[in-house]
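Colleague: Chain by chain, the residues:
Protein chains: 2
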Amino acid sequence: MVNVAVLGCGTVGSGVADVFRMNSSLIAKQAGREIRVKYILDIRDLSGTPYEELQIRDFALIESDPEISVVVESIGGAGIAYEFTKRALAAGKSVVTSNKELVATHGDELLRLARENNVSYLFEASVGGGIPLIHPISRCLTANDLTEVCGILNGTTNYILTKMIREGISFKLALKQACDNGYAELDPTDDIEGKDACRKICILASLLSGRHIRPEQSFVQGITGVSLSDVKFAESANYKIKLLGRALRTDEGRWAVWVSPHLVPASNPLSCVEDVFNAILVSGNAVDDVMFYGRGAGKMATASAVVSDVIDIVASAPRVLNDFWDGDGSDITCDSAAIPSKWYIRTNDQSLAAALSGQTVLRNTSAKASEAAFITKKAYNRQALDTLIGRTVPLSLMRVL
Amino acid sequence: MVNVAVLGCGTVGSGVADVFRMNSSLIAKQAGREIRVKYILDIRDLSGTPYEELQIRDFALIESDPEISVVVESIGGAGIAYEFTKRALAAGKSVVTSNKELVATHGDELLRLARENNVSYLFEASVGGGIPLIHPISRCLTANDLTEVCGILNGTTNYILTKMIREGISFKLALKQACDNGYAELDPTDDIEGKDACRKICILASLLSGRHIRPEQSFVQGITGVSLSDVKFAESANYKIKLLGRALRTDEGRWAVWVSPHLVPASNPLSCVEDVFNAILVSGNAVDDVMFYGRGAGKMATASAVVSDVIDIVASAPRVLNDFWDGDGSDITCDSAAIPSKWYIRTNDQSLAAALSGQTVLRNTSAKASEAAFITKKAYNRQALDTLIGRTVPLSLMRVL
Chain A
1 MVNVAVLGCG TVGSGVADVF RMNSSLIAKQ AGREIRVKYI LDIRDLSGTP
51 YEELQIRDFA LIESDPEISV VVESIGGAGI AYEFTKRALA AGKSVVTSNK
101 ELVATHGDEL LRLARENNVS YLFEASVGGG IPLIHPISRC LTANDLTEVC
151 GILNGTTNYI LTKMIREGIS FKLALKQACD NGYAELDPTD DIEGKDACRK
201 ICILASLLSG RHIRPEQSFV QGITGVSLSD VKFAESANYK IKLLGRALRT
251 DEGRWAVWVS PHLVPASNPL SCVEDVFNAI LVSGNAVDDV MFYGRGAGKM
301 ATASAVVSDV IDIVASAPRV LNDFWDGDGS DITCDSAAIP SKWYIRTNDQ
351 SLAAALSGQT VLRNTSAKAS EAAFITKKAY NRQALDTLIG RTVPLSLMRV
401 L
Chain B
1 MVNVAVLGCG TVGSGVADVF RMNSSLIAKQ AGREIRVKYI LDIRDLSGTP
51 YEELQIRDFA LIESDPEISV VVESIGGAGI AYEFTKRALA AGKSVVTSNK
101 ELVATHGDEL LRLARENNVS YLFEASVGGG IPLIHPISRC LTANDLTEVC
151 GILNGTTNYI LTKMIREGIS FKLALKQACD NGYAELDPTD DIEGKDACRK
201 ICILASLLSG RHIRPEQSFV QGITGVSLSD VKFAESANYK IKLLGRALRT
251 DEGRWAVWVS PHLVPASNPL SCVEDVFNAI LVSGNAVDDV MFYGRGAGKM
301 ATASAVVSDV IDIVASAPRV LNDFWDGDGS DITCDSAAIP SKWYIRTNDQ
351 SLAAALSGQT VLRNTSAKAS EAAFITKKAY NRQALDTLIG RTVPLSLMRV
401 L
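If you're matching them up, the sequences are chains A and B in order.
With this note's numbering, the residue at position 211 of the first sequence is 211, and numbering never jumps.
With this note's numbering, the residue at position 25 of the second sequence is 25, and numbering never jumps.
If you are wondering where the hints come from, they were derived from the structure by calculation, not from laboratory data.
There's no promise every hint is true.
[To be verified] Pairs of lysine-lysine residues, derived as DSBU-like cross-links and limited to a Cα-Cα distance of at most 35 angstroms, are as follows: (1) B/K299 with B/K29; (2) B/K232 with A/K29; (3) B/K86 with B/K232; (4) A/K29 with B/K377; (5) B/K299 with A/K299; (6) A/K195 with A/K232.
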């Protein structure tokens, strides 16, 4: 019998408890031992929920209970969750989490602490929700030199963009529908401004590079500036606009990490990823591209990944599974502006339009007559692009995948 | 230092040796130890290749060499490969393979033999080439009751169907182009008649059910009967024709396993999988659907999966990793004809067309005036469908996903 403590009985925490109950015999078979949720820590009153009997309010009980070998941290944020994770690891307990903010901010320290205490710190659910991703990258593509990862990492923004593309509605209206349908947080800022996707791409970049790459080392642009006009110009040339998180290693061995809306061609499998789904493309020098697709969020999908991590710890003991990355990576990154790509440019400035007339011209019959949009024929880094564009600020500027 | 022997220096075997050479330091880091290919067994003369120094012709050398702890079987087929695999396992050596025929035919016996000898028998590369699939299903979705798998498992047929859809050419011409471009075997029978996909879906069905399900227990229909007319009728209703391998558990707990061409709606991510790519959807009761996508064949992609399995064995020793399935599953399957679905029916028989006039009628402006095609509005199992159709044999009959 293995005893687990769940910290926080919100969406993810209660989902984890639900999955342990729903699939208990199957989980026991997979893990080789029965797994029981012994405590659920929450400051809110859980009376009337199926978990009121398990509720405790004092973390010290978990910390000092030798029966607890795995702690599920589903509090979120980098505050008290950070403290409890450190204390649990220091007490010799493995920790499993879906907390991307904590992993992106303090992953290197927590991984080191886990190693020092010969326990695991696993976070499959922190990127891509229920999609197996961190484990396959770190355990199944090991024969490859992995040089690039590129993904749709945020379901809310993908839902909004899908609505804009499919129904021809504005960003503002699509955001409202996402809120109404429960696909966006009460405060959707972190989603629509790209911060959530940024935490996730930083975790993946750390995984690929072997060093901790932080959100501050990346460039972030959200989707608030994407207009219906952009969507239609893109469509006319068989592209879809997607918010992508990207991390790639340059020929000089440095990692460029960024989040920004891109024009994705119909031939790329990411262009087919719609609604709240996530998908992540990983490129290796033997396997070429592989893609992982599924629900990037949601109670049960996220819980699936958390519980699978718990099973992995129980089934693999005493092997330590947290050999993901080590040490600060601030010396191995570079500015994403240095990465060349083709660019999409929309403008209502006649002289800029004239200067771009040699590029590929896009057609959008519903656009204002004063507007024109282009895709550059060659790849430019940001500096070279600025030279091409000159001083005029375009209405819209996006990379083309 | 870990020593590996490679059996067969064909496409996969030489790819494995190439990957070990190309990524040697990275592989040593991942495995925690250096891994060396010590022998390559082949009856053909390897003089002039980079591997002539390693060539041996006598399997007994490998069997009796205590330095060899892992054997890569890349001979193919279920003949001598079967004998050598048994002898290697019996000699206490783990075996890694991409040989779907051998796994689909004798997997239960070889897995048992591996367990008895406390070694591993791994075959990630046998399904989906380089796509991590068997490992994620068996190790990362463990919190789920997995009830269904559905996939595009054969690159050659997907290439042919993509050509037919995209270029509007006939099956015969598309097959010729696949042969000319090296995407089809010299004898493409196993591909186009669905046998290759059948071996792979049987491996996945065994994985999900925990019992060995054999090709003889499944229904197989290839793509030789798919006409350009079907492709166009399907297109008119926003479907693409794909050869799918499917395994699903009925409410009675039995597994239906089959391969047949399906009409896949544009809203399903499998409809976007084109050319030689493979993709596999897995459904679990917590995670919902997840999809794995990538190159299902090819020298380096397949070698990537084989070498990653070798690394897994070396890094995980002495844990045995082969707890996939156990025992014969002939008592847990059922006839796929019992599974209800909507159906696509094409006919040139006036009375059948009249009988189907209440179903959804498809339009194809380029079809012969005498032909009509329908999609049933409700789901039918095969028996109920036969009642609906009566005695007339339709020109074409396919399930709708």
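Colleague: For every hint, state whether the structure bears it out.
Modeller: Verification of the hints:
1. B/K299 with B/K29: 23 angstroms, holds
2. B/K232 with A/K29: 48 angstroms, violated
3. B/K86 with B/K232: Given that 35 angstroms is the threshold and the Cα spacing comes to 49 angstroms, the pair is violated.
4. A/K29 with B/K377: 41 angstroms, violated
5. B/K299 with A/K299: 40 angstroms, violated
6. A/K195 with A/K232: 26 angstroms, holds
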